[in-house]
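> Using the sequences and the hints given, assemble the complete structure.
Protein chains in written order, with the UniProt record's numbering: chain B, 1 to 485; chain G, 1 to 485.
Simulated from the structure, these hints should not be mistaken for laboratory data. Please read all numbers here as calculations on a predicted model, not as lab measurements. Some hints could be false.
Claimed, not checked - Chain G regions said to be covered by chain B (calculated; three or more residues, Cβ under 8 Å):
id: 1; region: 218 to 228
id: 2; region: 243 to 250
Said to hold, decoys possible - Just so you have them, the derived chain G footprint on chain B, three or more residues with Cβ under 8 Å:
id: 3; region: 80 to 94
id: 4; region: 116 to 124
id: 5; region: 152 to 158
id: 6; region: 221 to 230
id: 7; region: 308 to 317
Stated by the list, open to error - From the structure, some residues in chain G lie toward chain B, with a derived Cβ separation under 7 Å:
id: 8; residue: Leu240
id: 9; residue: Trp310
id: 10; residue: Ser381
The C-beta atom is built at its ideal place from N, Cα and C for all residues, glycine as well.
There are 2 protein chains.
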Amino acid sequence: MILDKSYGEKICYSFYKNIFHYLCKNPFEMQKIKDYVEANKDRFLEELFELLRFPSVSADPQFKEGVLNTAEFVAQKLKDAGADNVEICPTAGYPIVYGEKIFDPSLPTVLVYGHYDVQPADPIELWDTPPFEPTVRDGKIYARGSADDKGQFYMHVKAFEYMVKEKELACNVKFMIEGEEEVGSANLGIFVAANKERLKADVIVISDTSMISLENPSLETGLRGLSYVEVEVTGPNRDLHSGVYGGAVANPATILSKMIASLHDENNHITIPGFYDDVLELTPEERKALNEAPFDVEEYEKDLGITEVWGEKGFTTIERTGIRPTLEVNGIWGGYIGEGAKTVLPSKAFAKISMRLVPNQNSERITKLFQDHFEKIAPKSVKVEVKPHHGGEPVVTPTDSIAYKAAEKALEETFKKKPIPTRGGGSIPIVALFEKELGIKTVLLGFGLDSDNLHSPNEKYGIENYLKGIETIPLFHKYYAELSK
Amino acid sequence: MILDKSYGEKICYSFYKNIFHYLCKNPFEMQKIKDYVEANKDRFLEELFELLRFPSVSADPQFKEGVLNTAEFVAQKLKDAGADNVEICPTAGYPIVYGEKIFDPSLPTVLVYGHYDVQPADPIELWDTPPFEPTVRDGKIYARGSADDKGQFYMHVKAFEYMVKEKELACNVKFMIEGEEEVGSANLGIFVAANKERLKADVIVISDTSMISLENPSLETGLRGLSYVEVEVTGPNRDLHSGVYGGAVANPATILSKMIASLHDENNHITIPGFYDDVLELTPEERKALNEAPFDVEEYEKDLGITEVWGEKGFTTIERTGIRPTLEVNGIWGGYIGEGAKTVLPSKAFAKISMRLVPNQNSERITKLFQDHFEKIAPKSVKVEVKPHHGGEPVVTPTDSIAYKAAEKALEETFKKKPIPTRGGGSIPIVALFEKELGIKTVLLGFGLDSDNLHSPNEKYGIENYLKGIETIPLFHKYYAELSK
Numbered sequence: 001m002i003l004d005k006s007y008g009e010k011i012c013y014s015f016y017k018n019i020f021h022y023l024c025k026n027p028f029e030m031q032k033i034k035d036y037v038e039a040n041k042d043r044f045l046e047e048l049f050e051l052l053r054f055p056s057v058s059a060d061p062q063f064k065e066g067v068l069n070t071a072e073f074v075a076q077k078l079k080d081a082g083a084d085n086v087e088i089c090p091t092a093g094y095p096i097v098y099g100e101k102i103f104d105p106s107l108p109t110v111l112v113y114g115h116y117d118v119q120p121a122d123p124i125e126l127w128d129t130p131p132f133e134p135t136v137r138d139g140k141i142y143a144r145g146s147a148d149d150k151g152q153f154y155m156h157v158k159a160f161e162y163m164v165k166e167k168e169l170a171c172n173v174k175f176m177i178e179g180e181e182e183v184g185s186a187n188l189g190i191f192v193a194a195n196k197e198r199l200k201a202d203v204i205v206i207s208d209t210s211m212i213s214l215e216n217p218s219l220e221t222g223l224r225g226l227s228y229v230e231v232e233v234t235g236p237n238r239d240l241h242s243g244v245y246g247g248a249v250a251n252p253a254t255i256l257s258k259m260i261a262s263l264h265d266e267n268n269h270i271t272i273p274g275f276y277d278d279v280l281e282l283t284p285e286e287r288k289a290l291n292e293a294p295f296d297v298e299e300y301e302k303d304l305g306i307t308e309v310w311g312e313k314g315f316t317t318i319e320r321t322g323i324r325p326t327l328e329v330n331g332i333w334g335g336y337i338g339e340g341a342k343t344v345l346p347s348k349a350f351a352k353i354s355m356r357l358v359p360n361q362n363s364e365r366i367t368k369l370f371q372d373h374f375e376k377i378a379p380k381s382v383k384v385e386v387k388p389h390h391g392g393e394p395v396v397t398p399t400d401s402i403a404y405k406a407a408e409k410a411l412e413e414t415f416k417k418k419p420i421p422t423r424g425g426g427s428i429p430i431v432a433l434f435e436k437e438l439g440i441k442t443v444l445l446g447f448g449l450d451s452d453n454l455h456s457p458n459e460k461y462g463i464e465n466y467l468k469g470i471e472t473i474p475l476f477h478k479y480y481a482e483l484s485k
Numbered sequence: 001m002i003l004d005k006s007y008g009e010k011i012c013y014s015f016y017k018n019i020f021h022y023l024c025k026n027p028f029e030m031q032k033i034k035d036y037v038e039a040n041k042d043r044f045l046e047e048l049f050e051l052l053r054f055p056s057v058s059a060d061p062q063f064k065e066g067v068l069n070t071a072e073f074v075a076q077k078l079k080d081a082g083a084d085n086v087e088i089c090p091t092a093g094y095p096i097v098y099g100e101k102i103f104d105p106s107l108p109t110v111l112v113y114g115h116y117d118v119q120p121a122d123p124i125e126l127w128d129t130p131p132f133e134p135t136v137r138d139g140k141i142y143a144r145g146s147a148d149d150k151g152q153f154y155m156h157v158k159a160f161e162y163m164v165k166e167k168e169l170a171c172n173v174k175f176m177i178e179g180e181e182e183v184g185s186a187n188l189g190i191f192v193a194a195n196k197e198r199l200k201a202d203v204i205v206i207s208d209t210s211m212i213s214l215e216n217p218s219l220e221t222g223l224r225g226l227s228y229v230e231v232e233v234t235g236p237n238r239d240l241h242s243g244v245y246g247g248a249v250a251n252p253a254t255i256l257s258k259m260i261a262s263l264h265d266e267n268n269h270i271t272i273p274g275f276y277d278d279v280l281e282l283t284p285e286e287r288k289a290l291n292e293a294p295f296d297v298e299e300y301e302k303d304l305g306i307t308e309v310w311g312e313k314g315f316t317t318i319e320r321t322g323i324r325p326t327l328e329v330n331g332i333w334g335g336y337i338g339e340g341a342k343t344v345l346p347s348k349a350f351a352k353i354s355m356r357l358v359p360n361q362n363s364e365r366i367t368k369l370f371q372d373h374f375e376k377i378a379p380k381s382v383k384v385e386v387k388p389h390h391g392g393e394p395v396v397t398p399t400d401s402i403a404y405k406a407a408e409k410a411l412e413e414t415f416k417k418k419p420i421p422t423r424g425g426g427s428i429p430i431v432a433l434f435e436k437e438l439g440i441k442t443v444l445l446g447f448g449l450d451s452d453n454l455h456s457p458n459e460k461y462g463i464e465n466y467l468k469g470i471e472t473i474p475l476f477h478k479y480y481a482e483l484s485k
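Below is the structure:
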C-alpha cells in the first residue's frame, strides 16, 4: 500500500506547526508586551508624572479644583487608550470616571477599580522633594499618590492601551476610577447601587495593594475593614489659667489621654467590650501558612528606625497586621501647640481614632461599640462626643477562584516565581461593597511595596513595579479568559 | 483771777484744730483721691486702651515689634507721670522699663514690679471681640492683657501721677516693668543681679493677682512655683499607613497618652517619685483659716460649665489651687489634626506639661524628677525627649509685715471691709527671685478677679477694679510710710 505523500506532509506540517505554536506562543506573546512597554516606557512614565502633578487631596476642600482636574485627565487618558462611553459621573462628592470596551459580549468582562484621589501630603516639611512634583531617585518615583493609587490604577490604563492597539484584548474591560477612596468612598455605594447593569462584570481587579518584593511576588487574599471616628472631650467652657484653676478642674487633655490609654490593656488587647466577638480565628494551619511568607523582623525594625516591634500579645507581626483587628490614634490635639510656653488648662481635646477590622467584624457594629464604650468611660467631669467618620467591611478573597489562578499564573510568568498568598493590613471598603451590591469577587493584583511610604511623606513607587505591572495585566486578562472557557 | 482770753482762744483753736484735723484728714484725703480719679477717669481708661492695643505677645517671635513698641509706650507714660531716670534697659530678650522718683532718701522706697507682655491670644476664634482692640461690655474691659498685667501695673503709673501732681508722695517710688513674664522672665534675674543698687527698696508691690470680689477684698499671701516642660515621643522614623503597620508598631500618640495617664493615680495624686517630698504641709488651723474664704462651689461649677470639680483626693478646691502642687497638660499634639480623615500612624507626638509648685518645692529639682521619671516610664519601643522650658519658685508672703498691714489698711479704707488673706494658684517667679537676690519681701496687691479669663479668650478687667486700684495705691504708700516710722 502506498501512502499519499501530500497527506503525510499535511499531517507533519500541522503536527510541527502545533508543537511550534505550543512552544512558542507564550514566550512570543510575553515578548510582544515587553517590547511594547520598552518602546513606550518614557511616555508611560511621563503620563504618570502628569497625573501625579495634580494635587488631588480629597480630604481637604482647598484642593477641590485639583481633584476635579484629575478626573478630567483620567477620562481623557481612558479615551486616548481606546475606551468607549467614557463619562465623568457626578456624585454628591467627587465624580467617578467610567469607561469601557465591550468588543465581544460572549467573552468575560473585567471591571477595573481604582482611585485618583490621594492622602493629604502633610507633614509637608518631611518631604525631601515636593509631593506633587514627581521626582525619580534610585529607580523610584517619589510623589503623593505614586503608589496609592495613581501609579497602580494607571498601569491598567496603559495595559489596556496595549491590548486595544495590539488587538490583544482577551476580555471586555470596564473602568471605574473614583475620587473619594481616601475619605471613605461615601458616594461610591450610591453610584454602584444605581449602576448595577452598567457595572456588570465577571471579576473586579484592583491594584491598590502591595506585594512582598519584586523577588517575592505575592497576592493579597484579605483586607481589613475600617471604623474611623473623631472624639471631642470638653472640660470647662473656656481655656483656663492653669495656675488659677489647675488641680481643681478636670483637664480634657489629661482625661482624653487616660481614656485613650485605657483602650489597650497591658497585653495590647483592645478593651472595648465585645470588640473581638465576631473575629474569625484562623486555624493553626492557616496561621502557619501565613507565617511562612518571607519576613525579617530585624530588617523591618531597621527600616522603621525602631528598637522593637509592638503589638497584641500572642501574635506575630504578620498576624498583627493581617488577621487581627487594631485600634490606632491617627491624630490627637488640644490646648496650646504653638511656639513657647502657655500655661493654659484647655477647654477641649480631640483625637482621630481608627480601628482596622477583620472577618467577620462589622464596621457599624464596631463604631457603635466604640461610641458606647467611650461615652461610658468618660468621667462625669467632662463631656464627650464621638463622631463617626467612615467605615468599611473586611474581606477575604478566595484563592481557588479562576481570577486568583489567572492572577497567580500572570505573576508567575512575569516574575518567574509563584506568588505567595498574603493578608493585607489595609482597607479597600469597596471590595466588600462590590461583593454585596454586585455579587462580584475581587482579585487584588497589587504591585506596590509596604516600604512605599503610603500615607507618609516621601511616598514612592518603583519604576520597575510600574512597568512590570503593565506587563502582567494583559496576561491576567488572557489567562482569565482562557480559564473561564 | 482772770484768764488771758487770747491764750484761751489759742488753746481752743489748736484743740479744735487738732480734733478737726484728726477727724477729717483721712476722709478728706480719701475724697481727694476719689475726686482726682473721677476727674481723670476717661483719660485713665483711654491711656489703658492705648496700652492694650499693642500686641505684646512675648511667646511668639512674630509679635516682636509689638512688644518693643509697648516698652517705648510704657517708658513715655512713666516720664509723663513724673518719673525720673526713665530707661528702657536692654536684655538678651525683651527690655525692662525702669523709672524712679527719689524725693527724700530718708523715706521708705516702694519698688513696683509689673509686666507689659501678654499671653498669646489663641484660640483667636473664641474671642467675642478682637483681643487687641479693647472693648467695654457691662463695665468690663475686654482685651488680652487687660488684667494680666497691663491693666494692673498701669494703676500704679496713674496712682503715681496723682501722688506726684498732688504732692501726696509718701514714699520714694521705683518702677520695673518687664516684657518676658509670660515666657519665664529668663533675663530678669540677670538684670536684677546686675542692678542691686538701683533696685534697692524697702518693699516690692505687685498687682498681678486677684481678689475674691469687690465685695470681698482679699490679699494673696502665697504663690505657686512653676516647672514647665515640653515632651517629644518618637516612634517610627516616618508617619506610617495605619493599615499596613497598625497593630505592629508602637504608636507615639497612644504611648504618650499612656505616659500622661500614668502621671496621676486614681486619687489624682501625682505619681512622680519624690514629687511631694518637699511639700510644706499646713497645720489643721491654717487649712481651716484658708477654707473660711467665701467660696461657692456651685457658682464655681456654673461659671465654668462643668458638672463637678476635679482634683486631688482629700483637699478642697481652695486647697487644690492654693496649697497643693499640680501637673497639667497645657497642650498635646501628634499625627493628622487637619480636616477629614487620614489613616496615619504618626512618627511623633508632643505635649507641653507644667507643674505648679508649693513651698518648699524647688523648680529645678521637680523638673529633674519629671525628666527622670518620664524617661524611665517610656517603653523601649519609643524614644522620649524632655525639654525644660522655664521654672519659678513658690513663695509665701508674711501677713505680719508692715507692708501687709499697710495693704490691709488701704484696702479696708477703699472697700470698707477688711481683706481676707488667700493663697493664689498662679506663679510670679520674680517674687522668689527678688527675695533671693535683693532680700526684699513682696506684697501682692492684686485687684483682678479669678473670672477675668486670664490666659483665656475674652480676658477682661473691671473698670471699677481698675479705678478702685488707683484709689487704693496712694493709701498703701501713705500707710506704709506711717507704719515704717
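> Confirm or reject each hint.
The hints, checked one at a time:
no.	hint	result
1	218 to 228	holds (count 3)
2	243 to 250	holds (count 8)
3	80 to 94	violated (count 0)
4	116 to 124	holds (count 4)
5	152 to 158	violated (count 0)
6	221 to 230	holds (count 4)
7	308 to 317	holds (count 6)
8	Leu240	holds, 6 Å
9	Trp310	holds, 4 Å
10	Ser381	holds, 4 Å
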